[in-house]
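Engineer: Sequence:
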Amino acid sequence: MQTSAVIPVLVIDDAATAKPLAQALVAGGLRVLEVTLRTPAAMEAIAEMKTVPGAIVGAGTVVNEAQAKAVIDAGVEFIVSPGLTERLARPILDAGCRFCPTGGITEASAPDWLAFDPVLCVGGSWVTGGSMADVEAKARAASALRR
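Be aware that the sequence shown starts at 1, since it is given in this note's numbering, and climbs by one per residue.
Everything labelled a hint here was simulated from the structure, so no lab data went into it. For each residue, glycine too, the CB sits at the ideal point set by N, CA and C. Heads up, a few of these hints could be off.
Pairwise CB distance ranges (calculated) [what the hints assert, rightly or not]: (1) G29 with A108: 32 to 40 angstroms; (2) R140 with N64: 29 to 37 angstroms; (3) D13 with S81: 17 to 25 angstroms; (4) P20 with I79: 21 to 29 angstroms; (5) P20 with G96: 17 to 25 angstroms; (6) A74 with D112: 20 to 28 angstroms; (7) D73 with D94: 31 to 39 angstroms; (8) S131 with E65: 20 to 28 angstroms; (9) L93 with D134: 23 to 31 angstroms; (10) F116 with F78: 18 to 26 angstroms; (11) D14 with P111: 30 to 38 angstroms.
Turn these sequences into a full structure, and let the hints steer you where they fit.
Structural biologist: See below:
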């Protein structure tokens with residue numbers, strides 16, 4: 001995950017769009033892709049995105065053991081689970097662990113988060129939307145962000 005300061009947070013409604021979306025993101029420089037388990041198409045989308053050369057595909061919004069097992073069986077390379085509260089974050093920070101904040105991160109706020117030493121990368125839902133050319137352009141801008 002250190003290959004990218006920004007991880008696109010992807011909500012895929014139609015698995016047929018997954019591969020072209022992954023291709024555009026990778027072409028734009030964002031190789032690490034988080035597919036959220038918020039839709040019925042998510043598991044198929046993960047499978048489609050894993051066929052894209054250079055893509056590092058993970059699963060997000062993993063909230064229970066069954067989902068964790070399913071995405072591990074699907075071959076994801078990382079898992080993101082929501083629910084990082086201040087109370088939960090404190091022991092993580094105290095232990096010197098690094099983390100990836102997601103939810104509410106914008107192109108404008110990403111640099112502030114990335115300047116915070118324990119932050120490994122940020123989730124970036126802002127990089128999707130529009131045409132695949134728009135996605136690629138947003139991915140290029142996001143991939144230029146650095147810790």
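Engineer: If a hint holds in the structure, say so; if it does not, say that too.
Structural biologist: Taking the hints in turn, this is what the structure says about them:
no.	hint	verdict
1	G29 with A108: 32 to 40 angstroms	violated (19 angstroms)
2	R140 with N64: 29 to 37 angstroms	holds (36 angstroms)
3	D13 with S81: 17 to 25 angstroms	holds (22 angstroms)
4	P20 with I79: 21 to 29 angstroms	holds (24 angstroms)
5	P20 with G96: 17 to 25 angstroms	violated (40 angstroms)
6	A74 with D112: 20 to 28 angstroms	violated (34 angstroms)
7	D73 with D94: 31 to 39 angstroms	holds (34 angstroms)
8	S131 with E65: 20 to 28 angstroms	violated (38 angstroms)
9	L93 with D134: 23 to 31 angstroms	violated (36 angstroms)
10	F116 with F78: 18 to 26 angstroms	holds (20 angstroms)
11	D14 with P111: 30 to 38 angstroms	holds (32 angstroms)
Violated hints for the displayed structure, listed by number in ascending order: 1, 5, 6, 8, 9.
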